[in-house]
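Colleague: The residues making up each chain are set out below.
Number of protein chains: 2
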Amino acid sequence: MSIFTCPLPLPARDRILLGHGSGGKLSAELMRDIFLPALSNPMLDRLDDQAVFAAGGVRLAMTTDSFVVKPLFFRGGDIGSLAVHGTVNDLAMGGATPLYLSAAFILEEGLAMDTLRRVTESLAQAAREAGVRVITGDTKVVEKGSGDGLFINTTGIGLVPERVELSADRAKPGDAVILSGSIGEHGIAILAEREGLEFETPVGSDSAALHTLVAEMLAAARGIRCLRDPTRGGVSSTLNEIARQSKVSIRIEERAITVRPEVQGACELLGLDPLYVANEGKLIAIVDPAQAEAVVSAMRRHPLGEGAGIIGSVGDGPPGLVTIRTALGTVRIVDMLSGDQLPRIC
Amino acid sequence: MSIFTCPLPLPARDRILLGHGSGGKLSAELMRDIFLPALSNPMLDRLDDQAVFAAGGVRLAMTTDSFVVKPLFFRGGDIGSLAVHGTVNDLAMGGATPLYLSAAFILEEGLAMDTLRRVTESLAQAAREAGVRVITGDTKVVEKGSGDGLFINTTGIGLVPERVELSADRAKPGDAVILSGSIGEHGIAILAEREGLEFETPVGSDSAALHTLVAEMLAAARGIRCLRDPTRGGVSSTLNEIARQSKVSIRIEERAITVRPEVQGACELLGLDPLYVANEGKLIAIVDPAQAEAVVSAMRRHPLGEGAGIIGSVGDGPPGLVTIRTALGTVRIVDMLSGDQLPRIC
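Chains Y and U, in that order, give the protein sequences.
At position 179 of the first sequence the residue is numbered 179 (this note's numbering), and the sequence of numbers has no breaks.
At position 34 of the second sequence the residue is numbered 34 (this note's numbering), and the sequence of numbers has no breaks.
Please note: incorrect hints may appear among the correct ones.
Copies of one chain are not kept apart here, so a pair can be met inside one copy or by any two copies together.
Claimed, not checked - Quick list of in silico lysine to aspartate or glutamate cross-link-like pairs, EDC-like style, CA-CA up to 20 Å:
id, residue 1, residue 2
1, 70, 195
2, 25, 108
3, 70, 143
4, 25, 109
5, 247, 335
6, 70, 108
7, 172, 121
8, 144, 14
9, 25, 143
10, 247, 288
11, 144, 195
12, 25, 169
13, 144, 109
14, 144, 114
15, 25, 198
16, 144, 108
17, 25, 216
Treat the hints as calculated values from the structure; they're not laboratory data.
Computed from a predicted structure; not experimentally measured.
Work the whole structure out from these sequences, hints included.
Modeller: In structure tokens, the structure reads:
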């Protein structure tokens, strides 16, 4: 049995496992068993990457993420820039224009001051480039051995235009599935750094702020139902979430998905499936089929969407079922990530 | 020389110390040397406990706090309820009506699932009682030894009424300094739990959501200049921040400050000054002297303000200087907390 189809191990887990932070099955289980029973409300229950609410007649989006990536610095970014990109992207996936961030640091006693300075400067630069301001913050320090260098939480606030209604429960049979570019680069960049792997062509993280790409897409077509950035758990987990929340099936085509040769090579070496590897500068869009080409064209005009293409479609098969037609023409199930393939990837 | 007047140790620190998370001098230094140079903007530079911004014509407040309190459960609360009260209070100190929270958990591998469940249920109950909803969240897991059970970040959003303008830079000579009740209970409750101390009369944390008290105060008088909750670093650090930001002096009267006998006893035993011990359910108000009695009366009608009283006044002495007239009639300087008197108190 592959990891993709094996049932969750029994008996019931009574301890937190690394896999509970993977963005896959165990994360979903934690949500279902612990968080939702206690905290349930209509906004949280949507399980989107951001909550949209009205305050004083204005529609706003709010999203939060803690960053525990290891190592702190990697090819193509660091925990500071990632903490901006990740939260800006979660706002963008709700169609929101990112406005403000909070930044809260948990530092481990003994952290080099210079490391904190470099991370803070990188965070500040990423925020400037994304056009958002860090307006409030917090710092806590824990004893040596009670943390790991530094963790950052960023929470973001954005403005949601009146007509925009994006959610993972809006996919309909017939919709096109669009992916903005090649996959797996962030996860492989982190793993390479962590394991000291060297590739002929080095792999850098794709970490980037996607809100200007999203703005172009929303300007090009009104038929966008849902946007998601396939981070932890990769493309597979994101598609599973959408299929489950929209109660639809999704079929994707392996041929349509770009995996750069160096990423493919690293995945083969490490025994990873690129569909499960994290991205930090890519998005998946579920779009009215009549407008899919217009959306792809708009995306390709943007530097972060040059590799955009339609990778599959939404169907009326078993709700929650995601399948892929391989390059060989066979069809297999694409399940959510199970276990802890890549802990601390973001 | 007492810890209250000794200069910062030299040479320049190149590593993070526990004291950098104390809310005292080292925290201020980190802000001045690392965070502000990189992130400076008019909203952050105010150094209030919350940022107030306008979005689409609506005034909102945003605040963030990470909670790393140790132990997770203590008399009078736990990390879950504290994570709600702390953030609700930071919104309330800006005069905002708290609306929504995000909650982001960093879990250590091996944490008992039951601990997470209890904390989450407590957080949910505190949110219900405070009338706020948790609308978005995040969970990360770090390896055993890279965290310490669980850390929680909560970020809050509130609505700021049009006429409300509260900030630590608005204190004026002549203003009254009001304190809402007895001090030091949260810090002593945590220390007692941590050190296994037993007192004849047990000390419980004062952890509570103060926004309804603030609403009564704002309804009673328009002359409130500034509200602050004296958490990390205690009353002394809060008064120093206000004096510094408003470029005024502040004089308080020891006789006017209530310290419960069991807290006083514990402080003497532990060599602590109650003025430096954290509170989680108290506030300090700087108020137009003509309206101070009205504010105190309004506070005393609220269960969380029963012990309210005027404890001092703002003066035109050296900017940033805080002094106390002791019970014996002598006057001494009340400096910011220096060092790491009580790490991980919230």
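Colleague: Please name the hints from earlier in the document that this structure breaks, with their numbers sorted from lowest to highest.
Modeller: 7, 15 and 17
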